[in-house]
Each structure stands twice: as C-alpha cells, then as structure tokens.
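Asker: Here's the letter readout for the chains.
There are 2 protein chains.
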Amino acid sequence: MNPTKSQTEKKEKSVKQPAVIPPTSEATPRVVIEKVSPEVDRGRFPAKRAVGERVVVEADIFADGHDSLSAVLLFRKEGTPSWTEIPMEPLVNDRWRGEFSVTEIGRYQYTLEGWIDRFQSWRRDLSKKVETNQDVSTDLSTGAGLVEKAGERAPDRDAKALKTTAAELRNPKAERVRIALGEELFQLMKRNPDRTGAVRYEKELTVVVDREKARFNAWYELFPRSCADGKRHGTFKDCEARLPYLAEMGFNVLYFPPIHPIGTAHRKGKNNATKCTPKDPGSPWAIGGKEGGHKAIHPELGTLEDFRALVAKAKDYGMEVALDLAYQCSPDHPYVKEHPEWFWHRPDGTIRHAENPPKKYEDIYPLNFETSDREGLWKEMKSIVLFWIEQGVRIFRVDNPHTKPFLFWEWLIAEIKRDHPDVILLSEAFTRPKVMVRLAKIGFTQSYTYFAWRNAKWELTDYFTELTQSEVREFFRPSLWPNTPDILTEYLQWGGRPAFAIRFILAATLGASYGIYGPAFELCENRPLEPGKEEYLDSEKYEIKKWDLSRAESIKETIVRVNRIRKQNPALQLDWNLRFHPIGNDQLIAYSKCTRDLSNCIVVVVNLDPHHTQSGWLELPLDQLGLDPSQSYQMHDLLTDAKYLWNGPRNYVELNPHLMPAHLFRIRHKVKTEYDFDYFL
Amino acid sequence: MNPTKSQTEKKEKSVKQPAVIPPTSEATPRVVIEKVSPEVDRGRFPAKRAVGERVVVEADIFADGHDSLSAVLLFRKEGTPSWTEIPMEPLVNDRWRGEFSVTEIGRYQYTLEGWIDRFQSWRRDLSKKVETNQDVSTDLSTGAGLVEKAGERAPDRDAKALKTTAAELRNPKAERVRIALGEELFQLMKRNPDRTGAVRYEKELTVVVDREKARFNAWYELFPRSCADGKRHGTFKDCEARLPYLAEMGFNVLYFPPIHPIGTAHRKGKNNATKCTPKDPGSPWAIGGKEGGHKAIHPELGTLEDFRALVAKAKDYGMEVALDLAYQCSPDHPYVKEHPEWFWHRPDGTIRHAENPPKKYEDIYPLNFETSDREGLWKEMKSIVLFWIEQGVRIFRVDNPHTKPFLFWEWLIAEIKRDHPDVILLSEAFTRPKVMVRLAKIGFTQSYTYFAWRNAKWELTDYFTELTQSEVREFFRPSLWPNTPDILTEYLQWGGRPAFAIRFILAATLGASYGIYGPAFELCENRPLEPGKEEYLDSEKYEIKKWDLSRAESIKETIVRVNRIRKQNPALQLDWNLRFHPIGNDQLIAYSKCTRDLSNCIVVVVNLDPHHTQSGWLELPLDQLGLDPSQSYQMHDLLTDAKYLWNGPRNYVELNPHLMPAHLFRIRHKVKTEYDFDYFL
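Chains as they are written, first to last, in our numbering: chain S, 169 to 849; chain Z, 169 to 849.
It is possible that some hints are incorrect.
Which copy is meant is left open, because identical chains are indistinguishable; a pair holds if it fits in one copy or across any two.
What the hints assert, rightly or not - Straight-line distance between alpha carbons at most 27 angstroms, and here's what the computed DSS-like set of lysine-lysine pairs gives:
(1) K296 with K602
(2) K358 with K602
(3) K709 with K405
(4) K438 with K399
(5) K602 with K203
(6) K438 with K341
(7) K297 with K625
(8) K443 with K735
(9) K547 with K463
(10) K811 with K505
(11) K328 with K483
(12) K296 with K527
(13) K709 with K297
(14) K317 with K296
(15) K297 with K438
(16) K296 with K438
Think of the hints as simulated: they come from the structure by calculation, not from any bench.
Turn these sequences into a full structure, and let the hints guide you.
Answerer: Next comes the structure, spelled out in structure tokens:
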C-alpha cells in the first residue's frame with residue numbers, strides 16, 4: 169500500500185517554509201521574481217532550442233513600494249563556471265525581458281537577478297522635485313553618498329570619475345542638478361550598480377541545444393528490402409542505387425524500418441495474415457531470429473560493412489540514415505532464451521505476446537520494463553543505441569515509446585545525450601495528447617503529431633496554433649507525416665493525386681520538420697486494405713514491393729520544387745513564425761512565415777478541396793509583413809514561377825487542384841516604379 | 169554583490185535530478201500527476217476558502233501504455249495525523265476531479281495519489297475479448313490470481329468473498345465470464361485495490377480556511393470623532409448612539425480610521441493645509457503623541473474601557489469593530505525618541521518624513537522595515553496587533569501594505585494567524601496589479617480592488633470576470649469600495665444621487681464583500697477639493713464633521729433594502745458564481761448569481777447612466793438558470809417588490825435612474841397554471 173515516489177521528482181513537500189525575520193547581516197529580500205518563461209513544469213524539464221536560436225526570457229519582477237528596479241539575465245553553457253550577464257528591459261506591468269543566443273550543442277543554464285536600484289529611484293525623485301521647484305540640497309547630498317559608494321566598488325577607470333562627481337554634488341557652486349540628472353552619471357552608475365539585497369531567482373533553468381536538424385529536416389521512410397529492381401529481396405547495395413533519386417527530391421534523413429533479423433515463429437503473411445507461406449518475409453518489427461537480435465543485420469539485406477558503406481554514401485548525397493528503435497522481440501529473438509525474465513508471463517509460465525484487445529500480435533513479445541532485472545534490461549537497451557551510434561547512426565525513430573515507462577526514456581535519453589548530444593530521437597507516439605507531450609518533455613528531440621488526421625481548415629488552424637504559439641513549443645518539436653506504413657488516411661484514399669500534393673505541401677510548409685513514407689507517397693498509392701480502414705492493401709510491412717518510380721501520377725516534381733524552396737527560404741525552416749490569415753473560404757487555407765527581420769516572407773495558400781477549383785479574397789496584415797500599404801508589391805509563386813502584382817491587404821486567389829493546389833508566394837517587397845529608372849537618380 | 173536569496177523561497181536549484189534505474193525493491197513509478205488545481209505558485213502559497221466551502225481538486229493523471237488508472241484525493245486538517253481519502257473521477261483527456269468540504273477554521277493539507285489499476289485493465293480487456301468471442305481461459309486464470317491477492321490484503325468481511333470468487337474463476341464449470349465481469353466482483357475489487365507502485369503527488373498543498381465573514385461582509389468606515397451631535401469632538405460613547413442607525417442599514421463590520429493619539433508637529437490643517445490652527449484635530453493617520461502611540465487611544469475619544477464597551481455593544485447589534493493598522497508615526501510618536509534607528513535618516517542625521525515626489529507628508533515619518541534592528545521593530549509591530557486582539561478586535565484594515573516588505577507581512581500574518589486563525593486582514597493596497605496580487609498570496613484575507621475606477625460596462629465585465637473566474641480567485645478575495653476618505657471618483661462627483669445608488673448596488677451585488685465610507689456615501693456627499701481631483705472638499709481626514717443623517721438625498725433606504733436582500737439570498741454571498749449576460753445596451757449591465765443547486769437565483773440589471781432612462785432586451789441562458797424554456801417564469805424585483813411574468817430567453821427591461829437605477833430580480837421558477845388548482849389533483 170505504500171506509494172513509491174517518483175525518483176525523478178524532487179521531494180518538494182515542504183515548499184512553504186515559515187517566513188522568518190532576516191538576520192541583521194542580510195538585506196531584507198524585497199524583489200520578487202516569478203512567472204519566468206520559458207520554464208517547463210517549474211523547471212523540472214528543460215526547454216529546447218537548436219544551435220543559432222535565441223532564448224527570450226521573460227519574468228514578472230517587482231518589489232514593494234515605489235523604488236526603481238534593475239534586473240539581469242544570467243546564462244552559461246553547462247560546465248562553464250561563470251555566468252554571462254545580459255541587462256533585462258522592463259516591458260509593461262512589471263514584466264521584464266532579456267535574451268541570449270545559443271551557439272553550441274549541449275545544455276545551457278539560465279537564471280535571473282533583480283535588485284532595488286537606489287540610484288535610479290533617487291534620480292527619478294530628484295527629477296520630479298526639480299520640476300516642481302522644490303529645495304533639493306538634501307537630496308543632492310544623499311545622491312553624493314550613493315555616487316561615492318559606487319566609486320568605492322568601481323574599477324579604476326570609473327572610480328575616479330565617480331569620486332569627482334560625488335565631490336561636485338556636494339559643491340554648492342557646481343551645476344549640481346545638471347550633473348545629477350546628466351547622462352554621464354547615469355551611465356557611470358549603470359555600469360557600477362549597488363546590488364546589495366539583490367534577489368537571485370530560486371532556480372537555474374536549463375535549455376537543451378540540439379543541432380539544427382532537430383528543427384529543420386525532411387524525412388523519407390524506405391523499406392530497404394523493396395529497393396531491388398525485381399521481386400528479389402533488396403539489399404543495402406540496392407539502396408545505394410536509390411540515393412540519387414532521394415537526393416534529387418531533396419530529403420536529408422533516410423529512415424529505415426528495423427533492419428534486423430526477422431523471426432519465423434508466428435510470422436505474419438501478406439496483409440497481416442496469421443498464416444504465412446515460406447516466401448513471406450515477415451514484418452521487420454518482429455525483431456530477432458537465430459541470426460541475432462537488435463544488434464544484428466537481417467542477412468538478406470547485407471552485412472554490417474554494407475550498412476556502414478550505405479551510411480557513408482548517403483552522407484555524400486547530403487542524407488543521414490536514421491534507424492528504428494523498436495524495443496520488442498519476435499519469439500525467436502535470442503533474448504527470449506537468454507533472458508526469459510525480461511518478458512511477461514502468463515499464469516502457466518508461457519510468454520505473453522503483444523495484444524491490444526481485441527487485436528493480437530502473435531509474432532511479437534513485448535518486453536517487461538518493470539522486470540525484476542531492470543538493471544540488466546535497461547542497460548542492454550542502452551547498449552543497442554550505443555552500438556548503432558558506433559556504426560555512424562545519429563538519428564533514431566523510436567517505435568511506440570508510449571508503451572514503455574516514461575522513466576525508462578528519461579534515463580535512456582539522458583545517458584545517450586550525455587556523451588552524444590548530437591543524437592536526435594523522434595518519438596513515434598500516436599496516443600493521448602498528454603502522453604505525447606510528456607514524452608517530449610522527458611527528452612525526445614522530435615515528435616510525431618496528429619497532422620495526418622487534421623484535414624479541415626479549422627482543424628489545421630487550431631492544431632498548429634497550439635503547436636507553434638502555446639507553451640508546448642518550448643519542448644515539443646512537431647514532425648508532420650501525411651502517411652506512414654500504418655496510416656493511409658481517408659483523405660488520401662478519396663482525394664486522388666491532388667490530395668497527395670495538398671498534404672505534402674501542407675506538411676512541408678506548416679512544419680519545419682516533416683516526413684513521408686515512400687515511394688508509396690510520391691506514387692500516390694491509395695488503396696486501403698478495406699473501406700473504412702487506414703491500413704494499406706498489400707502493405708509493405710508484410711511483403712517485398714516493386715515500386716515503379718516512373719509512374720505517371722508521381723508527384724516527385726512537386727516534391728523536388730518544395731524541398732528546394734524550403735532550402736532557399738529560411739522562413740520555412742522555422743515553426744514559431746506561423747501565422748494564419750483570413751481568406752473567406754473554408755476550402756482555402758492561408759498562412760505566412762517570415763524571418764525575424766522580414767527579409768524572407770513566404771505566404772502559402774492551399775486549396776484543401778482535392779476535387780474542385782476554389783477561390784477567395786486573401787487578407788494580409790501588411791504591417792506585419794513589412795509592406796507599405798501605399799505601394800504595390802510582387803507576389804512571386806515559387807512553385808510555378810508566376811509573378812503577381814498585388815495592391816493593398818485584400819487580393820484575389822483561385823486554385824485548381826488538378827493543376828497545382830497551392831501558391832507558395834515569396835513576397836518581393838520592392839516593385840519597380842518610374843523612380844527606379846536611371847534618369848530619376 | 170552577493171545576492172541574498174529569499175529566505176521564504178525554497179532553494180529549488182536542482183529541481184532536475186538525473187533519472188536512475190529504480191532498484192528491484194521498488195516498483196517503477198509509471199503514473200504522472202501534474203497540473204494540479206488549486207495550486208498557487210507551485211504550492212508556495214496556500215489557496216483560500218471560508219468555512220463550509222468546497223475544495224474542488226483537479227489534476228492531469230496518466231501513465232504510459234494502455235492500463236486503466238485509479239486515483240484518490242487525500243486531505244486532512246493540519247495537525248491531524250491521518251488522511252481522509254476521496255475517490256477521484258476521470259473527466260476527459262486524462263483530467264481527474266475530486267472534492268472535499270472544509271468545515272473548520274485553520275489550515276488543511278491535500279494531495280493526490282494514483283496507481284495502475286491492474287484489475288480494471290484486466291476487466292476491460294476481458295470484456296473486449298469476450299465480445300469478439302476469443303478464448304479467455306488464460307485471462308480468467310490471470311484474473312483469478314489478481315482476485316486471490318486482493319483477498320490476502322482485504323479485511324475479513326471481503327476476504328472470504330474474494331477467495332471464493334477466485335476459486336470460481338478457476339473452475340471451468342462456473343459461469344466464469346459472468347462472475348468476472350459482474351458488479352459484485354467490481355465493487356469488491358474497488359474496495360480492495362492493489363496500490364503497488366502508487367505514485368503520491370510530490371507536494372502536500374495547503375488551503376487556509378477562514379470564517380465566513382472573510383468572504384461575505386459589508387463594511388462601514390466611520391470617523392468616531394464626527395459622531396457627536398454638535399461641533400465637539402465625538403467619543404466612543406457617541407459612536408454607541410450611532411449603532412442602531414448602522415445596524416438598521418445592515419452593515420456587519422464597523423471600521424474606524426486610527427483611534428490613537430495624533431501628533432502635533434507639522435499637523436495638517438483643513439484641506440491638508442501645511443499650517444494648522446490650534447483647533448484643527450489633525451489627520452488620524454499621523455499616529456502618536458505625548459499620550460502614546462499605536463497601543464494608546466486618543467484621549468478625546470475616550471478610554472480603553474470605553475472602546476471595549478463599544479466593541480461589546482456593536483456585537484449586540486451584529487457588528488464587529490475593525491481597526492486600522494497604519495504602520496507609520498507622527499514626529500511626536502514615542503518610537504521616534506525610543507527607537508530613532510527604526511526610521512530613515514537624511515545625511516545630516518535628521519529623520520526623513522514621508523514623500524512620494526512631488527507630494528510631501530511632513531506630519532508622517534515612515535518606518536524603515538530594513539532597519540538594522542529588524543528583530544525589534546517587527547516584533548513591536550506584531551505586539552500592536554496582539555494588543556488589539558486582546559481588546560476584542562479580530563478584523564484589521566491594513567493601511568498601504570505595499571510600502572512595507574512582502575516578507576514582513578508574510579511573517580506577521582503567519583505569526584498572528586497561528587494563534588488567532590479567526591483574524592481577518594484587509595489589504596488597502598491601491599497599487600500595481602502584481603503587487604496587489606502578491607499581498608493576497610502572502611496572506612491578506614481580503615483586498616481592496618480597482619472597483620472604484622471601473623465604471624463602464626466593459627471595464628466592469630473584464631475586471632470581474634478576471635477576479636471571479638481566473639486563478640487569482642483562489643487567494644485574492646475582492647472587497648469593493650465605491651468611495652473612501654481619499655477617493656471621491658469623478659463618476660460620483662458628476663452623477664448626483666443616482667450615481668451613489670448605482671455604485672452601491674454594483675458593489676453590493678458584484679461582490680460578496682464591499683464597504684463604504686460613510687456617512688459621506690449614503691448622504692451623497694460629492695464636492696471635490698477642486699475639479700479633476702478625487703479628494704473630498706473639507707475632507708473629514710483633517711476636520712471634525714457634522715453630518716445631517718436625515719438629509720433628503722440620503723440613499724439609506726436603498727442600502728437597508730440591498731443589505732437585507734443580501735442576507736436573505738445566499739447567491740449574493742458568493743463571488744465565483746458571477747455570470748454576465750447580454751442586454752444590447754452599453755449603458756445597461758446585467759449579471760446573475762445562483763447557488764450551486766439553483767435554488768436561489770438572482771438576476772441584477774443596473775443602469776450605468778445616472779442621468780437618463782435606458783432600456784434593452786436581456787438575454788438569459790435559461791438552462792443555466794434551471795428554467796424550462798417552454799414555461800413562463802416570474803421575476804420578482806426584490807428592490808421594489810414588483811413581479812414580472814417573463815417568457816423565453818429575451819425580455820424587455822427599462823430603468824429610470826431617478827426612480828430606481830436597478831432591478832434586483834429573484835427568479836421564481838414556478839409560475840402557477842391551471843394545473844395548480846385543487847381540482848386538477
């Protein structure tokens with residue numbers, strides 16, 4: 169009956185300690201620092217950033233009474249002994265802001281400090297008294313004392329100036345008021361503040377900094393066994409031949425489903441049949457056979473050397489290979505014999521297969537992460553990641569992480585990233601919202617989303633406003649997948665080729681990170697196992713497929729163009745800059761993304777109706793896009809290279825999904841006029 | 169340069185501890201409990217309730233995987249060793265709710281516990297398998313094991329039944345599925361859950377429970393020296409004669425500005441003049457003279473015995489006497505000589521008077537709460553409160569608390585309430601929003617608000633929605649004052665007698681707590697010191713006033729009626745039940761308050777225009793008010809006793825401010841029809 173307290177949660181029971189009278193040796197702490205942002209769950213979890221991004225820190229900072237305050241933001245790379253200080257600026261209503269940039273992969277700490285600024289308070293009051301012609305001789309004497317003390321703590325350079333100024337403030341013949349309120353003294357005192365009684369925020373907060381690919385990437389999921397030209401089992405060598413095709417399309421992560429030996433016990437046949445024929449290759453997620461487990465390679469794919477060669481070759485094409493981390497076993501996995509205690513047992517002693525009633529997965533044994541041998545199991549799981557890191561892999565797509573304990577992932581990811589901070593882990597959790605969010609908090613670099621099922625305009629608007637504008641963006645990096653081997657949405661089943669183009673353009677422009685399962689996706693494969701189901705007919709999970717990459721309906725050219733546009737336009741490499749705009753037609757969705765300096769502004773309009781032409785009047789907030797309402801501007805459609813001259817905030821848009829279901833405009837701010845002719849100069 | 173850390177803030181630096189593999193002896197903690205409500209600033213501050221109120225606790229509770237969870241809310245009165253458990257109910261999206269009632273003054277703790285409910289998970293899965301006709305014999309055996317174990321930990325009463333049931337589940341001849349899924353076993357297992365691996369929320373949260381008057385009260389501020397009939401200095405005896413008048417109006421807190429000796433040095437004259445005549449009585453806030461300080465009584469008011477007699481007499485009339493805690497001194501206060509170190513000194517050694525540049529308060533010395541003798545000063549301040557508690561006072565209005573350190577108040581209030589939990593402290597802080605909120609967090613029972621300056625409909629709607637519907641309501645109890653001796657708003661200056669009635673009805677119905685400064689208020693005194701200023705002309709702060717209580721323009725009768733209605737209608741004794749309703753006219757404001765069971769529903773409509781008749785169509789959400797849209801209902805105006813028969817959600821309202829600027833309807837749900845005649849029975 170005794171509850172086990174989470175070991176990762178600090179025992180905060182006595183958060184409230186009785187207030188006591190501060191001893192004479194200490195100043196009374198009067199400054200309050202609260203509502204700090206970013207601060208994930210009271211600092212329990214770090215915020216996330218990628219190299220080169222900014223951390224904008226805000227807080228409520230205030231004190232009793234009417235004194236002026238000053239505050240600084242402190243930050244440091246983890247392991248660096250000293251803090252760098254950044255002055256914070258007051259906004260309105262006791263809110264303050266400061267920011268720093270993160271330039272290296274790893275972990276940074278930050279905190280805040282605020283203090284009563286006696287000089288600023290004095291200066292402000294003096295100014296008011298001077299304005300109402302009050303006698304200020306006593307005030308000048310008080311100020312001289314403050315300046316003198318600053319002189320005592322200042323470096324030599326300032327010390328002399330401060331001492332001189334203090335003397336002047338005491339000299340009735342000097343222009344004392346002008347000196348007291350002057351800019352020179354203001355700056356001197358700002359450089360040498362009296363921070364007695366300064367209050368440091370009670371926590372040091374953390375931000376995890378990943379490499380840029382954690383934020384900006386394009387994944388391509390590929391079954392290597394289907395890479396051969398014929399019906400034979402594809403190999404890593406065959407995959408090499410596919411690289412030019414993938415590189416041309418512009419993908420930079422090549423993700424393989426599990427590449428390990430596949431079990432034969434209860435192997436599934438075509439279309440998930442419970443019986444299989446000797447020819448059926450089985451699901452790659454039924455990991456482990458007599459040839460080995462999670463650290464082995466399925467013999468028909470090739471050798472470890474072949475795999476390493478493929479990793480290197482992919483790199484030459486600008487692609488990183490990502491592997492699948494699926495912590496589960498086929499009944500033939502060596503673990504089953506070596507460590508039966510790592511599995512779930514029925515009352516009769518047999519090992520329980522996976523199930524999610526009424527569904528059964530007889531070819532898979534789930535691991536019991538609560539086994540009495542947690543030490544053994546968890547460390548073995550870690551060794552799998554380290555093994556593949558040694559083979560050159562730095563990106564992992566993690567299969568169903570929500571079916572393993574949070575604590576396991578938190579431990580594993582911390583262990584891995586301590587020595588390999590460049591590792592990226594993508595959480596494949598299609599589950600309840602709070603569980604998905606939790607997995608992101610405990611360390612997953614990126615997360616699958618509900619994007620596949622967000623089709624209507626209001627669904628997309630609500631969901632992406634939440635993902636990009638609410639607090640979850642501090643730690644949850646969305647990865648947008650229009651399809652996966654398990655998910656062929658009804659929208660794709662019914663919408664034909666335009667539906668694929670629509671969903672692709674949405675994924676690649678709503679999100680800086682996205683992925684597709686190909687070649688099924690670009691070839692517009694849309695036959696479901698049966699009506700109303702999301703499984704593919706003749707799913708590649710259970711058979712070797714021969715894909716005709718030259719199919720007429722391929723949307724490859726659109727992919728090529730969109731990925732090129734993403735690379736050339738930094739606004740599309742960000743998530744938080746997404747803003748939706750009204751267009752007066754529920755079948756059209758419009759949004760923009762701009763860089764902070766507005767030098768790169770992209771406006772996207774997508775026709776969500778894969779069948780009919782739709783039109784509407786787009787309303788753009790010209791001021792937010794850096795446009796002068798009195799000037800024309802050019803909208804350059806980067807998909808078609810068409811150029812439109814627009815005027816004012818409202819302009820007409822019409823999209824035929826069978827030609828091209830979207831505009832991907834770059835705003836060209838300057839439209840030439842007669843003033844641009846030479847003779848006007 | 170070393171920052172002083174707040175002593176009351178727990179040093180939470182290492183909030184994030186590395187995740188470790190749980191030892192074999194412990195279950196893996198899989199349940200997450202977060203986003204608990206109420207929880208003020210991570211539990212740093214308590215929530216507040218009054219006796220008889222409910223504490224509705226919600227939290228996100230979830231775990232990895234697909235298991236069913238159970239959760240309980242635990243609470244106890246502080247000092248009670250054992251917790252009382254309340255089962256929590258799941259809402260949607262992993263949100264859970266439980267509640268308890270607080271029945272005694274003092275402090276309660278509460279926390280939460282959740283666990284993986286293996287029996288519920290098993291039962292749910294079994295049910296799904298049965299539905300799809302799967303073989304469940306192994307499952308029944310697994311279930312038998314769970315039931316057996318429950319039998320081992322159950323009390324005798326249940327143990328036998330559990331053992332019997334386990335045996336039945338193992339008996340192929342029994343109706344095993346029916347038993348397994350039956351209600352009897354469900355209840356048995358619910359009473360005897362397996363809480364292995366239960367996770368207790370990491371904090372014990374606190375709720376401070378005050379007496380009911382902390383929430384529901386009507387204050388009357390009165391200068392006792394103006395209670396005499398003629399021009400002579402009024403006494404406590406004179407105040408006794410005023411009690412029937414106040415009791416008739418229905419007030420239950422009688423608040424006196426400071427009753428202590430008044431200094432003569434720099435005493436202010438009429439209308440805050442810097443020079444005074446020997447006849448001028450001075451401001452009561454210039455506390456302290458040769459007759460004593462904060463524990464003495466101004467001799468002209470009477471003796472301590474007179475004061476105690478008045479307190480007792482007021483009690484007979486249903487009123488509690490509240491005193492002013494103004495921690496500041498006149499230059500003649502005994503502290504100035506006894507403890508010069510408690511004050512602020514100029515460079516020349518003289519003591520600094522109060523100022524808020526360009527304003528000066530030469531008759532007042534502020535205390536320096538950061539004095540090196542904090543121990544001495546703070547304890548002396550505490551002794552003042554204890555002294556008046558001994559004289560029978562339990563309510564204090566605290567003057568300008570925002571000009572003293574937060575830590576001082578947190579310490580003082582904790583010290584006082586430890587032994588006197590029935591003490592009520594009203595924070596008179598008219599300052600920046602976050603400072604006002606902080607004072608409420610650190611312990612003030614009630615708080616002055618910006619009500620006086622919220623006149624327009626949108627201002628009232630926004631402000632009271634924030635106060636009654638946002639998280640601040642957990643600790644900030646608003647007290648609504650249409651006027652104070654320092655605040656005669658422009659609305660009152662310009663709006664004549666109707667303005668006073670309007671502001672009174674708003675204060676007394678928008679808030680469960682309100683107060684007026686009288687007799688200035690009920691007599692509609694509205695002459696400002698000068699146009700554009702909020703000070704009263706011939707302010708009572710600086711002179712003895714003779715008020716003619718029988719003035720024709722007195723709104724006494726309205727006050728009598730409204731306070732009687734407040735007493736008779738529990739819906740008006742609450743704050744959180746406030747809901748605004750559309751009425752299609754910006755000069756009319758409409759809102760309702762209902763008790764939880766809808767047995768008492770009040771609808772208020774106020775004409776905010778003190779000059780003209782206004783009309784509009786009120787739209788009521790009939791379902792939320794417990795009204796059947798197909799039935800007529802009676803609106804009984806409790807102010808005028810008029811009765812209206814209304815139909816449907818939209819009804820016409822018209823208010824002439826010169827007659828009565830408001831309706832104060834009680835909804836009578838039942839309107840008689842022919843079915844009510846005897847012969848229908």
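Asker: Does each hint fit the structure? Answer for all of them.
Answerer: Comparing the hints with the structure gives:
no. : hint           : verdict
1   : K296 with K602 : between (54 angstroms within a copy, 25 angstroms between copies)
2   : K358 with K602 : between (46 angstroms within a copy, 26 angstroms between copies)
3   : K709 with K405 : within (20 angstroms within a copy, 94 angstroms between copies)
4   : K438 with K399 : within (15 angstroms within a copy, 105 angstroms between copies)
5   : K602 with K203 : both (22 angstroms within a copy, 11 angstroms between copies)
6   : K438 with K341 : neither (100 angstroms within a copy, 40 angstroms between copies)
7   : K297 with K625 : neither (59 angstroms within a copy, 38 angstroms between copies)
8   : K443 with K735 : neither (47 angstroms within a copy, 78 angstroms between copies)
9   : K547 with K463 : within (14 angstroms within a copy, 70 angstroms between copies)
10  : K811 with K505 : neither (66 angstroms within a copy, 85 angstroms between copies)
11  : K328 with K483 : neither (60 angstroms within a copy, 68 angstroms between copies)
12  : K296 with K527 : between (77 angstroms within a copy, 10 angstroms between copies)
13  : K709 with K297 : between (81 angstroms within a copy, 26 angstroms between copies)
14  : K317 with K296 : within (24 angstroms within a copy, 78 angstroms between copies)
15  : K297 with K438 : between (89 angstroms within a copy, 24 angstroms between copies)
16  : K296 with K438 : between (85 angstroms within a copy, 26 angstroms between copies)
The structure is inconsistent with the numbered hints 6, 7, 8, 10 and 11, although it conforms to all the rest.
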